[in-house]
Amino acid sequence: MVVADDDPGAENRRLPTVTLDGWRQFVQEKPATLTLSPRADIDGMDIADREAYDERRIAYHSELVVVETAQMRAIINRGRMLTLLNQREISARRSLIVDGPWASGKSTTIKMLGKVHEQTVRRRWPGQDRIPVVYITTPPKGSPRKLASEFAHFLGIPSRARFNTSDIADAVCHVLTEARTDLVIVDEIHNLNLATSAGEDMSDHLKYFTEHMPATFVYAGINVERSGLFTGVRGKQISGRSVLMRTGTFACDDEWRGLVATLDTALRLYEHAPGTLTRNAKFLHRRTGGSISSLSQLVRSAALTAIMTGSEAVTRQLLEETPVDHAAEQVTPRDERPAR
Numbered sequence: 001m002v003v004a005d006d007d008p009g010a011e012n013r014r015l016p017t018v019t020l021d022g023w024r025q026f027v028q029e030k031p032a033t034l035t036l037s038p039r040a041d042i043d044g045m046d047i048a049d050r051e052a053y054d055e056r057r058i059a060y061h062s063e064l065v066v067v068e069t070a071q072m073r074a075i076i077n078r079g080r081m082l083t084l085l086n087q088r089e090i091s092a093r094r095s096l097i098v099d100g101p102w103a104s105g106k107s108t109t110i111k112m113l114g115k116v117h118e119q120t121v122r123r124r125w126p127g128q129d130r131i132p133v134v135y136i137t138t139p140p141k142g143s144p145r146k147l148a149s150e151f152a153h154f155l156g157i158p159s160r161a162r163f164n165t166s167d168i169a170d171a172v173c174h175v176l177t178e179a180r181t182d183l184v185i186v187d188e189i190h191n192l193n194l195a196t197s198a199g200e201d202m203s204d205h206l207k208y209f210t211e212h213m214p215a216t217f218v219y220a221g222i223n224v225e226r227s228g229l230f231t232g233v234r235g236k237q238i239s240g241r242s243v244l245m246r247t248g249t250f251a252c253d254d255e256w257r258g259l260v261a262t263l264d265t266a267l268r269l270y271e272h273a274p275g276t277l278t279r280n281a282k283f284l285h286r287r288t289g290g291s292i293s294s295l296s297q298l299v300r301s302a303a304l305t306a307i308m309t310g311s312e313a314v315t316r317q318l319l320e321e322t323p324v325d326h327a328a329e330q331v332t333p334r335d336e337r338p339a340r
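Numbered according to the UniProt record's numbering, the sequence shown spans residues 1 to 340.
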C-alpha cells in the first residue's frame with residue numbers, strides 16, 4: 001500500500017504560527033502528498049486498517065494544496081525585494097502593507113512570504129542559530145504593553161508583572177537583533193486605529209520596534225485605508241514609508257479556471273471524475289464570489305464529505321449542498337442559484 005510520503009494523520013495538528021515553535025514547524029513542513037492505493041488493496045483491508053487509511057486521506061484533504069496566485073507571487077517578490085533594499089539602510093526602512101477584503105488570501109500570502117524568506121536564509125547560512133522571521137498579530141483594543149507581549153510570546157520570553165513596557169520591548173529588540181531577524185510580519189493591522197489614543201500609543205510603540213530592529217516590516221489587514229491606518233500625522237508617516245499592495249477576489253477568467261483545475265487534480269478520491277471542478281468553474285465562481293479562501297474551503301469540505309460518506313466523488317450536487325462561509329453565501333443565496 002502506498003500512502004502519503006509524510007504520512008499525515010489526524011493527530012498531526014499544527015502549533016500556532018504566533019509562537020516560534022509553531023512558526024518553525026510551518027516553515028519546515030513540506031507540501032502534503034498522497035498516492036491512492038489500488039482499490040483492490042483497499043477492499044481487502046480490515047476495518048481498523050481502512051479507518052487508518054481514510055484518516056490519512058482526511059488529513060491530506062484538510063490541507064490539500066496552497067494555490068499560488070499571481071497576487072501571491074507579486075507580493076512575495078515585492079517583500080523579498082524590500083528585504084534586500086533595506087539591508088544597508090541607515091534611515092527609515094521601507095515597509096510593505098498588504099490590504100484587502102476578508103477571505104482574500106492576505107494571511108496565507110504573508111505567511112508564504114515569511115516561509116520563502118526563512119528557507120532562503122537557512123540555505124544561505126546553514127546551521128546558524130537565527131530567527132529570520134517573526135510573525136505576530138495586532139492585538140484587538142491593544143496597548144503598547146500588549147503589542148510588546150505579542151513579540152515576547154512569539155519568542156517565549158517570560159512576561160512578569162514587574163516588567164514594564166520598556167523592559168519587554170528592550171528585551172525583544174535585543175533578542176531579535178542578536179538572532180539577526182530581518183523580516184517581521186504583523187497581521188491584523190486593521191486592529192490599530194489611529195483615530196483613538198490607544199491606537200496612537202500602539203502605533204508609536206510599533207514605530208519604536210521598526211527603529212530599533214534592522215528588519216523589514218510587513219503588515220496585513222482588512223481594508224486598511226478605511227480603518228484609519230493612514231490618518232493624521234502618524235498615518236502620513238506610515239504611508240510615506242510603506243508600499244501598499246492589494247489582494248482581492250478573482251474574475252471568472254483563465255486564472256480562476258487554472259486555480260480550480262489545480263484543486264481538481266489534487267483530489268485523491270476513488271470515484272471522482274477528473275475535470276469535474278473545472279467544468280463547474282463558473283458555478284464555483286458564483287458560489288464563492290471569486291474568493292480563493294472560500295473556494296479552498298468549499299472544495300476541501302466537499303472532499304472530506306465524499307470520504308466520510310463513501311461517495312468518493314466531488315460532484316456538482318455535493319458542491320451545492322456543502323456550506324461555505326457566510327460572506328460567500330451572501331453573494332449568491334441558495335434560492336437565487338440557477339437550476340442545473
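By construction, these hints were calculated from the structure, which means they are not laboratory data.
Note that the structure is predicted; figures quoted are calculated from it, not measured.
Even glycine gets a Cβ: it sits at the ideal position worked out from N, Cα and C.
Wrong hints could be hidden among the right ones.
[Stated by the list, open to error] Straight-line Cα separation of at most 30 Å, DSS-like style, residue types lysine-lysine; simulated pairs:
| id | residue 1 | residue 2 |
| --- | --- | --- |
| 1 | Lys207 | Lys141 |
| 2 | Lys141 | Lys282 |
| 3 | Lys282 | Lys111 |
| 4 | Lys282 | Lys207 |
| 5 | Lys207 | Lys146 |
| 6 | Lys111 | Lys141 |
| 7 | Lys282 | Lys146 |
| 8 | Lys141 | Lys115 |
| 9 | Lys111 | Lys30 |
| 10 | Lys111 | Lys146 |
| 11 | Lys282 | Lys236 |
| 12 | Lys207 | Lys236 |
| 13 | Lys115 | Lys30 |
| 14 | Lys207 | Lys111 |
| 15 | Lys141 | Lys30 |
[Claimed, not checked] Cβ-Cβ distance ranges computed for the label pairs, FRET-style:
| id | residue 1 | residue 2 | range |
| --- | --- | --- | --- |
| 16 | Ala92 | Met308 | 32 to 42 Å |
| 17 | Met308 | Arg122 | 30 to 40 Å |
| 18 | Asp253 | Pro323 | 20 to 30 Å |
| 19 | Pro140 | Thr177 | 25 to 35 Å |
| 20 | Asp129 | Arg88 | 42 to 52 Å |
| 21 | Asp43 | Arg13 | 53 to 63 Å |
Structure-based check of all given hints:
no.	hint	verdict
1	Lys207 x Lys141	holds (18 Å)
2	Lys141 x Lys282	violated (41 Å)
3	Lys282 x Lys111	holds (29 Å)
4	Lys282 x Lys207	violated (45 Å)
5	Lys207 x Lys146	holds (15 Å)
6	Lys111 x Lys141	holds (23 Å)
7	Lys282 x Lys146	violated (45 Å)
8	Lys141 x Lys115	holds (29 Å)
9	Lys111 x Lys30	holds (14 Å)
10	Lys111 x Lys146	holds (22 Å)
11	Lys282 x Lys236	violated (42 Å)
12	Lys207 x Lys236	holds (13 Å)
13	Lys115 x Lys30	holds (11 Å)
14	Lys207 x Lys111	holds (22 Å)
15	Lys141 x Lys30	violated (36 Å)
16	Ala92 x Met308: 32 to 42 Å	violated (53 Å)
17	Met308 x Arg122: 30 to 40 Å	holds (38 Å)
18	Asp253 x Pro323: 20 to 30 Å	holds (26 Å)
19	Pro140 x Thr177: 25 to 35 Å	holds (28 Å)
20	Asp129 x Arg88: 42 to 52 Å	violated (24 Å)
21	Asp43 x Arg13: 53 to 63 Å	violated (31 Å)
Violated hints for the displayed structure, listed by number in ascending order: 2, 4, 7, 11, 15, 16, 20, 21.
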